Amino acid sequence: MACPQRAGCVSDKHASRTIEVGPNEALLIEARAYQHTDAYKVDRRARQIVERQVARMVQLGARFARFFGAAKVRAQIAIIAAVANLTHLASLVDAAA
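If you read the sequence shown in the numbering used here, its first letter stands for residue 20, the second for the next number, and so on.
Warning: the hint list may mix true and false statements.
[Unchecked claim] Label pairs and their in silico Cβ distance ranges:
#1 22 to 100: 53 to 61 Å
#2 33 to 65: 46 to 54 Å
#3 33 to 55: 33 to 41 Å
#4 61 to 37: 38 to 46 Å
[Unchecked claim] Below, simulated DMTMM-like cross-link-like pairs (lysine to aspartate or glutamate); rule was C-alpha separation at most 25 Å, straight line:
#5 60 to 49
#6 60 to 44
#7 60 to 70
Calculated directly from the structure, the hints in this document are not laboratory data. As the structure is a prediction and not an experimental result, all values here were calculated from the model. Every residue, glycine too, gets a C-beta built ideally from N, C-alpha and C.
Start from the sequences and build out the full structure, keeping to the hints where you can.
Written out as structure tokens, the structure reads:
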């Protein structure tokens with residue numbers, strides 16, 4: 020059966036048109052279907068909260084290590100996380116008052 024819109028897709032110079040489907044096409048279709056579920060809305064909300072916290076830590080200097088050595092870098096990240104959490108906690112207390 021010939022496609023009624025074939026003339027819009029294939030020029031007169033070419034006899035046919037080939038469309039390649041990637042190896043993850045089934046996964047993409049599944050993800051697009053998941054976007055329309057209620058579970059996705061819950062997951063998206065949780066991810067937005069985490070992404071906001073990560074962005075705040077990057078603003079505070081978590082993108083680059085200031086020191087050499089894994090222990091010092093872990094200490095830097097712990098301090099940045101503490102500052103981010105304390106400022107978030109302060110904003111919650113301020114909003115409640």
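Requested in this report: Could you tell me which of the numbered hints above are not met by this structure, giving the numbers in increasing order?
Outcome: none
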